[in-house]
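A.B. asks: Residues per chain, in single letters:
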Amino acid sequence: MLLEARGLHIAFGGVIAVDEVSFTVKAGEILGMVGANGSGKTTCLNMLTRLIAPGRGAMMLDGQDYTALAPDRLVALGISRTFQNLRLFKDLSVAENVALGVQAGMQAKGTPRRERAIWARVHELLDMGGIRVHAGVLPASLPYGTQRVVEIARALASSPRLVFLDEPFAGMSSDEARMLSKLLLDVRESSGMALVIVDHNVEVLVSVAERLIALAEGRVIAEGAAAAVLSDPAVVRSYVGTDV
Amino acid sequence: MDGEWSATLLLCGIYSLVAIATQLGIICGAFSLAPIGWMSVGAYAAALAATKWQVGGATGLAIGVLVAVVFGPLVMLPVRRISGLYFALVSLAFVLVIQSVVSHMDYTGRALGIFGVPLLTNLWHVGIALVLVCGVAAFMTGGWRGRALRAAGQDPKVAYSMGVNVANLQLVVGAISAVIGVVAGFLYAHYVGYVDPTQYGFAMVVQVITMVIIGGRGHWMGAIIGAFLITSLPLILRPLAEWRDVVNGALLIVVAVLLPAGIFGVFGLFRRRAGPVDPAEAKAGH
Ligand SMILES: Nc1ncnc2c1ncn2[C@@H]1O[C@H](COP(=O)(O)OP(=O)(O)OP(=O)(O)O)[C@@H](O)[C@H]1O
Ligand SMILES: [Mg+2]
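Chains A and B supply the protein sequences, listed in that same order.
Per my numbering, the first sequence starts with residue 1, numbered consecutively.
Per my numbering, the second sequence starts with residue 1, numbered consecutively.
In short, the hints are calculated from the structure, not lab data.
Check each hint, because a few of them may be wrong.
Quick partial rundown of chain A residues pointing at chain B, CB under 8 Å, derived from the structure [to be verified]:
{"no.": "1", "residue": "Thr49"}
{"no.": "2", "residue": "Leu51"}
{"no.": "3", "residue": "Pro71"}
{"no.": "4", "residue": "Leu74"}
{"no.": "5", "residue": "Val75"}
{"no.": "6", "residue": "Ala76"}
{"no.": "7", "residue": "Arg81"}
{"no.": "8", "residue": "Lys90"}
{"no.": "9", "residue": "Leu92"}
{"no.": "10", "residue": "Leu100"}
{"no.": "11", "residue": "Gly101"}
{"no.": "12", "residue": "Gln103"}
{"no.": "13", "residue": "Gln107"}
{"no.": "14", "residue": "Glu115"}
Yeah, the Cβ is synthetic: ideal placement off N, Cα and C, and Gly gets one too.
Sequences are here, hints too, so could you generate the full structure?
C.D. replies: Laid out in structure tokens, this is it:
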């Protein structure tokens with residue numbers, strides 16, 4: 001098992017945001033995570049990437065417990081992520097943002113971080129995402145969907161084994177979403193990395209994810225094949241009254 | 001060279017050092033005024049070495065640098081808890097505490113300060129120090145290290161998730177900028193021949209902030225541009241000598257409104273952000 005989340009739990013003040021969440025991800029697998037607004041998806045990702053410390057529970061990668069590891073050590077383990085609200089470095093160019101991912105990967109592997117090698121890999125990634133023409137500009141000058149692609153390229157740049165994507169399809173046109181899902185499938189094919197994708201766009205999500213996990217009020221309410229999860233009465237009930 | 005101009009040039013160089021030290025902190029997300037406090041440590045080290053400890057200037061400098069290396073990171077520590085202007089205020093407190101300590105101790109000559117520091121500093125010393133410090137600044141802000149530094153300054157949380165140990169980086173910058181401050185103060189004391197507590201206080205803080213903002217935030221070269229401009233302005237505008245603060249203030253407003261990225265920002269537009277062009281590709285006509 002690549003990732004194993006065991007009984008993750010956290011409360012903010014009196015509000016339990018994530019309640020005893022356990023699930024696993026196999027190497028090379030794409031897991032979709034769904035749930036209504038506020039169901040705890042982002043908070044799960046924040047714990048799994050160590051941006052916040054879990055109140056209870058444990059997280060293992062390849063059997064290694066990383067629950068107490070410092071957040072800057074996760075890249076070396078092979079974990080990277082994107083953010084629901086774009087978090088690109090706004091005063092760094094598109095290429096420099098991606099370069100940060102590349103150099104993090106090199107640092108993790110102990111390869112010397114030479115500029116020439118870094119930029120060669122940056123340009124490769126930019127080409128792959130079809131964003132090479134934007135290399136020198138600041139992210140804010142790009143459309144939202146393109147900025148998402150930049151952030152994803154930055155996350156893939158460290159050659160991770162496991163990537164968490166928080167609503168990668170949000171704000172994308174259906175064309176953009178289709179291109180991105182193809183890109184993600186290609187990357188998985190060539191590198192074998194596993195992906196955990198949170199998104200409200202169930203249609204696109206199902207087209208890339210092999211398996212779904214559904215959260216409601218911080219708890220896992222269903223898990224398994226897409227069709228089964230989406231028709232699960234508990235899942236249907238949790239979405240009633242929401243816009244999805 | 002005209003004596004007055006060479007004197008101004010020398011001061012430009014010394015101010016450039018402090019401005020660069022301040023700029024390095026700003027780039028990595030720690031807006032610290034501590035370098036001005038460190039300048040005072042360097043100046044008093046020079047004065048005490050010459051008058052009380054009876055050791056050579058080099059030994060005085062070494063002692064100052066040692067203190068900076070040890071305590072520079074310590075003064076940077078609060079940035080882990082507070083940031084932005086609040087941290088700037090804490091670092092200002094450090095400057096004022098040093099000022100207050102030296103003005104109350106007999107050992108440092110109280111408000112009178114210490115006279116009789118040998119006049120040793122010449123343009124060469126300042127020039128060499130500036131070249132070395134520029135080298136350090138270029139090293140810290142170039143390549144992968146520079147990207148990590150700027151990432152830490154812009155979004156520390158995301159920087160952490162990109163493998164950057166933000167806290168350690170800021171401590172290293174704390175040590176480096178403290179050492180630069182000590183060197184600047186040391187050179188200054190050996191140039192004017194005395195130290196007193198008023199030299200490194202609030203006025204100097206305002207002066208350095210003005211230099212950094214006018215020259216351009218985000219790049220060490222901006223600090224040099226600002227330092228040269230603000231320091232040489234009184235000489236250029238001699239007829240307006242009495243209006244020096246007004247001119248500085250007006251300049252600050254004009255730059256803040258018209259060039260929010262500072263004077264260097266104008267050049268920054270031409271900075272290569274896309275990475276080096278692959279020569280083979282350039283030939284292929286891309
Ligand atoms: N830092 C925080 N402080 C207080 N409450 C928080 C914090 N982070 C999340 N919460 C709460 O935890 C719950 C889960 O939030 P979370 O952002 O994980 O939901 P989500 O499933 O990602 O929702 P969305 O689909 O809207 O992104 C919400 O009730 C939210 O208000
Ligand atoms: Mg969310």
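A.B. asks: Hints first: check each against the structure and report whether it holds.
C.D. replies: Against the structure, the hints:
Among the interface hints, the one on Thr49 (chain A) holds; its C-beta lies about 6 Å from the nearest C-beta in chain B, closer than the 8 Å criterion. With a cut of 8 Å, the hint placing Leu51 (chain A) at the interface with chain B holds, because the nearest CB-to-CB distance is about 6 Å. The interface hint given for Pro71 (chain A) holds, since its Cβ lies 4 Å from the closest Cβ of chain B, which is under the 8 Å cut-off. Proximity of Leu74 (chain A) to chain B holds as hinted, the smallest CB-CB distance being about 7 Å (cut-off 8 Å).
Because the smallest distance between the Cβ of Val75 (chain A) and any Cβ of chain B comes to about 4 Å, under 8 Å, the interface hint for this residue holds. The beta carbon of Ala76 (chain A) comes within 7 Å of a beta carbon in chain B, closer than 8 Å, and the hint placing it at the interface holds. Hint status for Arg81 (chain A) relative to chain B: holds, with the closest Cβ pair at about 6 Å, below 8 Å. Restraint check, Lys90 (chain A) versus chain B: the minimum CB separation of about 6 Å is within 8 Å; hint holds.
The closest approach between the C-beta of Leu92 (chain A) and any C-beta of chain B is roughly 6 Å, which is under the 8 Å cut-off, so the hint is satisfied. At a threshold of 8 Å, the smallest CB-CB gap from Leu100 (chain A) to chain B is about 5 Å, leaving the interface hint in force. Checking Gly101 (chain A) against chain B by beta carbon gives a least distance of about 6 Å; that is within 8 Å, so the hint holds. Hint status for Gln103 (chain A) relative to chain B: holds, with the closest Cβ pair at about 4 Å, below 8 Å.
Checking Gln107 (chain A) against chain B by beta carbon gives a least distance of about 6 Å; that is within 8 Å, so the hint holds. For Glu115 (chain A), the suggested interface contact is upheld, since its CB lies about 5 Å from the closest CB of chain B, less than 8 Å.
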